[in-house]
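Please build the complete structure, drawing on both the sequences and the hints.
Chains as they are written, first to last, in the working numbering: chain A, -15 to 132; chain B, -17 to 829.
Don't take every hint at face value.
[As the list claims (entries may be wrong)] Here are some chain B residues pointing at chain A (derived, C-beta under 10 Å):
| id | residue |
| --- | --- |
| 1 | 574 |
| 2 | 575 |
| 3 | 577 |
| 4 | 581 |
| 5 | 587 |
| 6 | 592 |
| 7 | 636 |
| 8 | 637 |
| 9 | 639 |
| 10 | 641 |
| 11 | 695 |
| 12 | 696 |
[What the hints assert, rightly or not] With a straight-line Cα cutoff of 16 Å, these simulated EDC-like cross-link-like pairs (lysine to aspartate or glutamate) come out:
| id | chain 1 | residue 1 | chain 2 | residue 2 |
| --- | --- | --- | --- | --- |
| 13 | B | 754 | B | 456 |
| 14 | B | 44 | B | 56 |
| 15 | B | 754 | B | 457 |
| 16 | B | 136 | B | 324 |
| 17 | A | 9 | B | 577 |
| 18 | A | 9 | B | 641 |
[As the list claims (entries may be wrong)] Here are some of the chain A residues that sit facing chain B, going by a computed Cβ distance under 8 Å:
| id | residue |
| --- | --- |
| 19 | -13 |
| 20 | 6 |
| 21 | 9 |
| 22 | 10 |
| 23 | 14 |
| 24 | 16 |
| 25 | 17 |
| 26 | 18 |
| 27 | 19 |
These aren't lab readings, by the way, just hints derived from the structure by calculation. Predicted model only: the values in this text are computed from it and were never measured. For each residue, glycine too, the CB sits at the ideal point set by N, CA and C.
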Amino acid sequence: MDLTSEVSLLAQAPMFREVEAARLKLMAFASQRLRFDEGDVLFSQGDEADAAYMLVEGGADVLVEGVAGPLLAARIGPGSILGEMAVLCNARRSATVVARGQVVALRIPAEVFCRMLRENPDMALAVMRDLAARLERTTSQLAGHARP
Amino acid sequence: MDLDLSRFVWRNSRARQLFLMLCAVLSWPLAYASYGLVKLIVDDSLLRGAFPPGVTTAAALKLAVVLPPPLDRDWTLFDGIAQGPLGYLLVLVGALLVLVLGVALLRFILLAGKAATGERLLTRLRLSLADRLLRLAPDLAAGPQAAEAALAIKTETEALAPALRDAFALPLLLGGQAAVALLFIVLHSAWLGLLAAAAVAAQLIVVPRLREREARLERRAQKTARRLGARLLRLAQRLPLVQAHGTGARERTEWASQVTDVSADARRLARCQAGRDGLADLLQRVVPVLFLGVGGVAVLNASLSLGGLIAALMAFRDLPRAVRSLVEWDAGRPAATARYADLLRRFGQDRLLPAPPARLPDPPGEDQLVFSRAALRDGRGQTVLDGIDLVVPLPSHVALLGPRDGVASALARVLGRRSRLSGGQVRFGARDLADLSPEDTGRWLVYAGSESGLIEATLRDNVLYGVATPVGDDEVIAALDAAGLDEDVYRFGLAGRIDPATDTALAERVVAARRHVRRALDAAGLSGAIEPLDPLRYLQNASIGENILFGRPVGDTFGIANLIGNPFVRATLEAEGLTEPLVEIGYRFAGLLVEIFVGIRPGDPLFARLSAISPDEMPRYRDLVARWRRARPGAEAVVDRERLLQLAIAYVEPRHRLDLMTPELQDKLLRARATFNRLLPASLRPAVAFYDTDRVCPAASLQDNLLFGHLVADVPQAEERVGAVLRQTIARAGWARDIYRIGLDQEVGPETGLLNARQSAAVAIARCLVKKPAILVLDHALAAWPERDRRAVMDRIRQHQAGRSLIAVVETPEEATGFANLSTIEGGRLEALDVDAARPRAAAYGS
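Take a look at the structure:
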């Protein structure tokens, strides 16, 4: 797996679809490729957010601390972008992400990610759209819970 | 210091000035005698005055003192040398030559001597001004005036150099020269004397006026030129307007009149300068003609000999130039005097601290610190302290709450000698604070404000700045630890280097520790986080260049910038068939960098962090990549290949991820590594520190030497986790102190940019702590720390200063948590605050 394939994987993500190939390459180049083993933690809930990640190989579990212990919020696979919201909001991590099997991930440093947003209005728009969709999903989930 | 320039020169170089003046005075009779000899040569030798018909020998150079008629006496000093006409002439000419050479020698001694004296005076002046700079009053020392004054010590004194050189001897030389010439002429013919005096007078009157006019014109010309420049700029700015409205002709007319003005001024100025030069020239040419007329008449009626006329002409030759130089010297004097006075005013007594009193052997009692009726006004005359009375029992730790420019801070600044009381006094034990020398307060009563002040030196020397007694590293480290800089010192230590030649014991321990470190990493599950330096394996996480060298460059020979240019390296690459593959890697790498750095500004931090090509090299690589595939062999191609090879050696596969490393290529590089090591000429061996399991690599950091491997790029948080393991191992082995000691050797001056504001402030505090002062004054000294960290640092400082006094002016009650009491100053009195009661207010600060 080299830079070119990382870039083509990045290009498939909706938020990067409109970004110039050279800029995506720069982002990938400025990122670090990391290898995680089964059960390794990519980041933990409550951590400061210093980077966003893209899964290149393997899958991961997104866990949220609940009253009765961690709840599995999502299972994600290659090509998923994660941790970008906390970077965006300069907030702490809202979930813990654990590697399922062997995982290769691209660690995109926060300042690089934010710079991409600043330089690419289309990307910012896509991120906003994604954020809005998630908010709506959460709202409807909450509404579902509220109903007896 | 003398306020008058001449007096300063005289006092500081009296003996030299007297010697130089003696040279000037000695030259007078010689010059006079030389004119006399000319007269003798003409009258006695050429016109045969000494050889009347029948006389064949005469005494040349007969010296006699003849008193005029009423006394009518004469003494013969020298009987002369009896010679025939030819010998007589030769003796006289020889004597003239000796006299002229004598005058020239004296002039040379004088000119060289005055230059040397001038330089000495300049040094003296600069030294005493620098002394005064160090004593500049605290309120000025912090402001821009100090920098201006410091700059003036260089620039202004330079401008004073001619005045320092020419203060006494030069006018004496020039004036004497003119006077001797004039005297000779007057004594030989009153009429000629009158003529010469008139020429001198004309110069004395006209030259100063011309100079004055010249200076005026010069000032005006400068002003006009500046105005013209500004107009031109404005014209350029409104060019679109001019073109839109077709006002070119109008602008041109206006412009033409301006330019004409300037050139008229320049013409006048040139005329003035030419006039000044011309006058001296004119006098030198015209007056001799008049001399011939007037003197010729005198010769005809025998009141003047022909020799006298010719000698007078020669004397006059020296006159105008000497007078002109004298007038110019005189004209430059007022400006130099004013400049000197102005320079001294910058360092006037009113701006200086009083001369320091003598040092005391011991602190002047430590029972209490008393402010009585202490008054202070700020730079604008506003009252800051209004007759404060305050008693601080010693030793104690006192926290004062107040803003940065508040009353408490003002008190602290008074203690730290940053401000001088305008009334009242502060007593430290039995002594008035004002009576203590800065050296003493520097030892016993130390102040740290929010400014830092690093010097160009190592961390150790920064902490020990101003410490008179010998202090060991342990105390320096303890002080830095209390100021919260221990982590950084440790980090510097790990990044520092050890020299196996001088630090043999530590070097041996480092080599032995490599095994322990590896075992500890294995135990922590981090065996995969470090790629060991194995001579037989390709280092994935190192650059291609490092893989070939398998060591670190010492000096520039094999530095990354020179590696490819080195013939031995190139021969090695060629021998292993690596040149072509590496050129290809360089091309692919260049292609990527050129592509992704399009449109990135040269100053962008991404460049420094990521690009193997510097911003100014980028355009060249861009062209190179564009033409490479269709390149023809030639000089350009040779340079291009070099550039690509240069880039290739910086390539690290897991970091740059272009998938360019094949097993075959790695084998070739390993062979190149072996060849390089085996065939490296003895003369080049000192330029590489090879990695060696049994030896310390002096060109690598201590950390690299301990890990003896590279961090693996794709292991998450490898640096932090490995760092923690390393630290534990070092602590267990009990040589943390060595690490700190090496850390203290780190250069941290302001130019290194290594320390941020907090770290610099910590150094400033450590510098105070290490002196173990009787009283430590902290005036918002923790301002550079985040609010949440301040309390912990303050606690450590208090521990270090235990048993001695601490007066801390703090911004929030939170910082004062550990203190027994917290006070504020209200209406000139100390008001105790309840720390606990004050703390909820701290929460309101949003800490």
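Here is how each hint holds up against the structure:
no., hint, result
1, 574, "holds (7 Å)"
2, 575, "holds (9 Å)"
3, 577, "holds (5 Å)"
4, 581, "holds (8 Å)"
5, 587, "holds (8 Å)"
6, 592, "holds (6 Å)"
7, 636, "holds (7 Å)"
8, 637, "holds (8 Å)"
9, 639, "holds (4 Å)"
10, 641, "holds (4 Å)"
11, 695, "holds (7 Å)"
12, 696, "holds (4 Å)"
13, B:754 / B:456, "holds (14 Å)"
14, B:44 / B:56, "holds (12 Å)"
15, B:754 / B:457, "holds (10 Å)"
16, B:136 / B:324, "holds (14 Å)"
17, A:9 / B:577, "holds (9 Å)"
18, A:9 / B:641, "holds (15 Å)"
19, -13, "holds (4 Å)"
20, 6, "holds (5 Å)"
21, 9, "holds (5 Å)"
22, 10, "holds (4 Å)"
23, 14, "holds (6 Å)"
24, 16, "holds (7 Å)"
25, 17, "holds (5 Å)"
26, 18, "holds (5 Å)"
27, 19, "holds (4 Å)"
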